[in-house]
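Asks: If you want the building blocks of each chain, they are given just below.
2 protein chains.
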Amino acid sequence: MSEVSIREVAPRDGLQNEEPIPTESKVRLIDALSETGVRRIEAVSFVHPKAIPQMADADEVWRQAHKNPEVRYSALIPNTRGAQRAIAAGFREIEVVVSASDTHNRRNLNRSTEESVDDIAALIPLVHDAGATLEVIVATSFGCPFEGDVDPDRVAGIVARVRADGADRIAFGDTTGMATPRRVRDLLSAVRPDLLHFHNTRGTGLANILTALDLGVTEFDASVGGIGGCPYAPGASGNVATEEVVHMLHDMGIDTGIDLDRLIETAEMAEKLLGRTLPSGVLRAGPRTRLV
Amino acid sequence: MSEVSIREVAPRDGLQNEEPIPTESKVRLIDALSETGVRRIEAVSFVHPKAIPQMADADEVWRQAHKNPEVRYSALIPNTRGAQRAIAAGFREIEVVVSASDTHNRRNLNRSTEESVDDIAALIPLVHDAGATLEVIVATSFGCPFEGDVDPDRVAGIVARVRADGADRIAFGDTTGMATPRRVRDLLSAVRPDLLHFHNTRGTGLANILTALDLGVTEFDASVGGIGGCPYAPGASGNVATEEVVHMLHDMGIDTGIDLDRLIETAEMAEKLLGRTLPSGVLRAGPRTRLV
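The listed protein sequences correspond, in order, to chains A and B.
Residues 1 to 292 (full-length UniProt numbering) make up the first sequence, in order.
Residues 1 to 292 (full-length UniProt numbering) make up the second sequence, in order.
Chain A on its own, in the form it takes in the complex (with noise of 0.2 Å):
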């Protein structure tokens, strides 16, 4: 494997998971974001305001943003009514999230895995009328917090249903960070992604990349910084650092596109916009080519 395509979420999925923070600072970190090489953003989600006020003003974050013609950037959202905005704001690649697990889907959208299931097979006529793709993010892909470890045949059984019913992309999300090698493996040999995206919740984030790389995926989520909080408790890290990521497979040889050194510039700016120290070792430590 010589190339490996790194999704940059801290716009959304990390900012989403802090303190609110200004329309200013996300057209920044946006922005900056855009000028490592990085090649796709999540930049926004079209949700209601009420439920994540972090991205009440996503419409206007976007107006506002440069964007770069080498960049794909996506948007996250929740329904026709997020579909519609998104396409409205000119999107062209959108995601969608739905739960392995039951328990999980109903606490975080209020209906049943099945029932969103249903939801997405009604939204992808619409996005595609509009020219654009639909991903679906599958979370608790690795685990559920309330009800523990998820059947790969639970997981396969949704990736089969959404694909047939035209669904674009697929995305396994570890929503809280249970993943590990071997649950990466087990899952995996069930049915295949096109896009992981690990927390490191546990110190394994990296460690289910090698794993994941090793069994052929090309595609990654990571959050500069490690931006996107706890779960759990402070201190716990949620999204794994872009710069670890990249850090990683550049020593191995693998290309992202990405500039690492503007990369960790863009954490440094991103950890003052937060006003908060980010869990990443390598924007701590900076690479391991950087001496004393």
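Just so you know, these hints were derived from the structure itself, not from any lab.
We treat Cβ as the ideally placed atom computed from N, Cα and C, and that holds for glycine.
Heads up, a few of these hints could be off.
[Stated by the list, open to error] Here are the simulated distance ranges between beta carbons:
#1 A:E3 with B:D118: 43 to 51 Å
#2 A:D149 with B:A190: 37 to 45 Å
#3 B:R111 with A:G275: 43 to 51 Å
#4 B:E268 with A:L215: 32 to 40 Å
[Stated by the list, open to error] Covered stretches of chain A (in silico footprint by chain B; criterion: 3 or more residues with CB under 8 Å from a CB of chain B, positions within the stretch not fixed):
#5 136–149
#6 179–186
#7 204–215
[What the hints assert, rightly or not] Just a sample of chain B residues kept apart from chain A, beta carbon distances all over 12 Å, derived:
#8 E3
#9 R28
#10 G37
#11 D57
#12 N79
#13 R85
#14 S112
#15 E115
#16 A132
#17 R169
Since the structure of chain A is already known, use the hints to place chain B on it.
Replies: Relative to the frame of chain A, chain B by itself:
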């Protein structure tokens, strides 16, 4: 692979890189670790108190510690005087460090790597005459913060020399967290150690262990709670956290003999003894099997 042997290094390597804590706290830490099921503990080092004030009370710590007959305890020593103290204290597993990088060895030990290797040769008969074994820890094996990459052939040369001189065991130390999966493969294809000691400074700790497991290594150092401070800056982590290593291994069906719940309780205790938040995801979030 069905079993891995963990050596718990928090009482020595960990505490040596933290603010000093009282003798009683050190004893409590060793005693608690001795009841987790871990089979090897690096307990103290016999160094000059001016060089390492954190270990000034090594004799007293060891005298007070409850020695579990199921546990093998080891001590680190820098020279003949240290070896004599360790042997007098009853240790039969002794460790000594030499840096693969000449610059690092001079900064650390005020002599060249070659001179240190000669010192070790002189030490071996003394250790063996006391019925003890000597492990040589080759520091900066995966890179030096002053010199950068370290040639695997240089590490191999040191190993060949000290093995010829009678060293019983070899460990490779990732002294400042420069190891990556690629560097682990590179070095281990040139020369094999008995044990690996990784840091998690740049997030690759568990990915490195996963790589080494794949290459057949079955012995690893780890530090409960990730105790061991930060070589560069606050927030940067040092040693891999034992509970993160054990959590990943047990999930893979690899036995360590350790009771993970008891280990996490010990990490919680250690956090109180040290009075700081320790960098361990499994300590924060619990194992993946802990449900909401």
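Asks: Of all the hints numbered above, which does this structure not satisfy? Sort the numbers upward.
Replies: Failing hints: none at all.
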